[in-house]
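Can you build the whole structure from these sequences, using the hints too?
Taken in order, these protein sequences are the chains called A and B. So the first sequence is numbered by my numbering: it starts at 1 and just counts up by one. So the second sequence is numbered by my numbering: it starts at 1 and just counts up by one.
If you are wondering where the hints come from, they were derived from the structure by calculation, not from laboratory data.
Think about it this way: if two alpha-carbon atoms lie no more than 20 angstroms apart in a straight line, the pair counts; the simulated EDC-like pairs of lysine to aspartate or glutamate are:
#, chain 1, residue 1, chain 2, residue 2
1, B, Lys298, B, Glu317
2, A, Lys56, B, Asp291
3, B, Lys56, A, Glu41
4, A, Lys56, B, Glu25
5, B, Lys49, A, Glu41
6, B, Lys49, B, Asp284
7, B, Lys56, A, Glu45
8, B, Lys292, B, Glu41
9, B, Lys56, A, Asp36
10, A, Lys56, B, Asp36
What follows is a set of in silico ranges between Cβ atoms, one per label pair, in the way DEER data are often shown:
#, chain 1, residue 1, chain 2, residue 2, range
11, B, Asp12, A, Gly396, 50 to 56 angstroms
12, B, Pro361, A, Ala92, 30 to 36 angstroms
13, B, Lys143, A, Gln79, 51 to 57 angstroms
14, B, Gly115, A, Ser186, 49 to 55 angstroms
15, A, Asn18, B, Asp360, 42 to 48 angstroms
16, B, Pro283, A, Ala287, 35 to 41 angstroms
17, B, Asp12, A, Gln199, 26 to 32 angstroms
18, B, Glu82, A, Gln347, 35 to 41 angstroms
19, B, Pro283, A, Ala92, 37 to 43 angstroms
20, A, Pro114, B, Gly348, 43 to 49 angstroms
21, B, Ala92, A, Ala287, 39 to 45 angstroms
22, B, Ala92, A, Ala402, 40 to 46 angstroms
23, A, Gln191, B, Pro14, 34 to 40 angstroms
24, B, Asp12, A, Ile166, 19 to 25 angstroms
In silico negatives: residues of chain B with every beta carbon more than 12 angstroms from chain A:
#, residue
25, Gln79
26, Ala88
27, Asp122
28, Asp138
29, Gln164
30, Lys298
31, Glu302
32, Ala359
33, Arg381
34, His392
35, Val404
36, Glu405
Each residue gets a CB set at the ideal place from its N, CA and C atoms; glycine is no exception.
There are 2 protein chains.
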Amino acid sequence: MSFDFTPFFRDDLPPAANPWGGFPEFNFVGGHNDADGVPVEALTEALAKAMQRDGKQLATYGMNSGAQGYLPLRTCIAQILEARAGMATDPANILITTGSLQGLDLVNGALLSPGDTVIVEDVSYGGALSRLRRCGVDYKSVKVDAGGMCMDGLATVLGDLQGQGIRPKYIYTIPTVQNPSGTVMSRERRQRMLDLARQYGVPIFEDDCYADLLWEGDRPASIRSMDENGQVIYCGTFSKSIAPALRIGYVVADWPVMSRILPLKSDGGCGALEQMALAEYCPDHFAGHVDKLRQTLKGKCETMTAALAEQFGATAEFSAPVGGIFIWITLPDDVDTDRLAQVASAQGVAINPGSEWSADPDSGRHRFRLCFGHATHQVIRDGVARLAEICHGEFGVPLRGANVER
Amino acid sequence: MSFDFTPFFRDDLPPAANPWGGFPEFNFVGGHNDADGVPVEALTEALAKAMQRDGKQLATYGMNSGAQGYLPLRTCIAQILEARAGMATDPANILITTGSLQGLDLVNGALLSPGDTVIVEDVSYGGALSRLRRCGVDYKSVKVDAGGMCMDGLATVLGDLQGQGIRPKYIYTIPTVQNPSGTVMSRERRQRMLDLARQYGVPIFEDDCYADLLWEGDRPASIRSMDENGQVIYCGTFSKSIAPALRIGYVVADWPVMSRILPLKSDGGCGALEQMALAEYCPDHFAGHVDKLRQTLKGKCETMTAALAEQFGATAEFSAPVGGIFIWITLPDDVDTDRLAQVASAQGVAINPGSEWSADPDSGRHRFRLCFGHATHQVIRDGVARLAEICHGEFGVPLRGANVER
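The structure is reproduced here in structure tokens:
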């Protein structure tokens, strides 16, 4: 007879997991990347070279670099951030993490207690919002418009909270290729955010995971690069620019913060092979790889926007992204995307319902997010067509698809 | 002026980290392994092969295997456990973790709330004890003798707790090459532990991290292999058998437990390159590699026991290990190894004071642990000599070293 573990589990656990059932046929969720774009050969060669030089260091925890991660990779990240995000960074202020997800957990672990308050964008990364809820934290949201988080709105929220005697633990922002809106915050807004953060004495938590994937032009200077007093905690990742399965992200913070986050990383470090491979690969290949990747993604994005226009017509409203791997779409008010996602899932189409990407779930109930990084052009076209059909079957819209009455 | 983060940190954070200062000259702490024993070339080749086949899967989270980790590696772990630990295992009941450390955190996260009680061995892994304290958990300890955890002692503790109406959340044991005592539990004791666990309805958490490193003979059957009702949660690792910097460990548990642990692994998975490299490397190389490694470690252990005998004589009591990477040493009662560790550290010799490896820190105050896996034979000899000198300088013992009066 099977032992009953039920009385042994904590009361506050998330629901039980289901066994893995494979990826859906039309997979438009998750930060997956273009499969052909993974630089398999160059990464393999880079690792072989690094192994020849440093392979014996695998025998030690931390590879002679301490708990913050392989020093050659931290040096390389510092160079990338300085060159691309205008952000002079000491490798001593970088912590290598298991993707940016662990970065979020570590920063939250250092700063947040149940009952605390943070400020978020009104549409934001679902994984960040769900983590805040799991921490028992209250969040106040600030409207995102075509230029990213609205600074007048931020000023109002900061003022209101101050009036209530509440000092928020941080302002969480994704300034470049905001998730899910795809917006990019101007330099002026970034400066204003910093000014407000200083005025109210509130830290900023800058999530810059998509910044390398702008179709055109240079990455904007990060907010942290404009900050001179260590008020901004920054996180980034190689998941979107190289490959998510590498699980290599990073947190950048001045030492007074880093020294408190570091003891919470209790897993003995991140994978050495990825750290070695990236440290060897990036100096020669990163910029060129990213240039190629963003063209690939731009092409997939165009296929998806064309498919949306063709299949959904005026029923689907969205701004064409200027970078990234996702599109944020608004449907008519009476379409419930929670239900749409559920029905679509049963038919092999995976989408992110807007409620999960919205600070106020109700306000996102007729919105959804589609990711286009991994799907092939054909999968994008077929999947959007199937989704339109499903949506029509459930909600009666869109009425026409591909110029044909449904 | 630097922003003051002090009021933003949680009250219950561990002390701030110090910047990394490099490894000490004589490093006898930590689970580091033999540097020349790392199969650098074979791992590199294995990864190249796996990359050629599966490299494009790096583009997806989970590499088409879901949150539990790369299926070929889970299959390979199942084969190793069946062949070596007598433990038939379904890959669906394996979760790949960032070393066994993350395994401890996940199991604790699923089961332990502040105020809970667990049962531990009276000397045990410092990282497990410190985690329990950090969880706010009370632990009761059971004496370890030359045959591992004493079952009469366990029966007494279980009975006492039952009398107090307390059902412990688990019994934590390291049955094979117990850390730090180096003892190996007999099959009879394993069976008795299972019987007691059943009788009292208490789960067992079996930590089998060192089991591949017995100098002679086969690994004993794991406790989990003898359990038929899913009462044992098991963890293992490649850190000791291959290399710690790979950060690949695993938890094995029946699905009712696995399904509750899995949602707590919120970091998007472990490093793909290590998982691919190990899955490719192990089927052909694991057994041969481990055979070679344990001979290497046995040789280093002999060097260390000889150095201890020469430098400490009768002052240092210990049982010669039958496997593993550490020796557990008892000094005269009036030697305070917390102080010894502190003074030695300043002189380049790192040791684990016994207080950190003891459920009751006071009872371990005259004991310490020395690791011999990473140090060269010369470093072992010189380091033990220096440690004896430091010990003599502080505590007046040992009186003689290398047949010379001090």
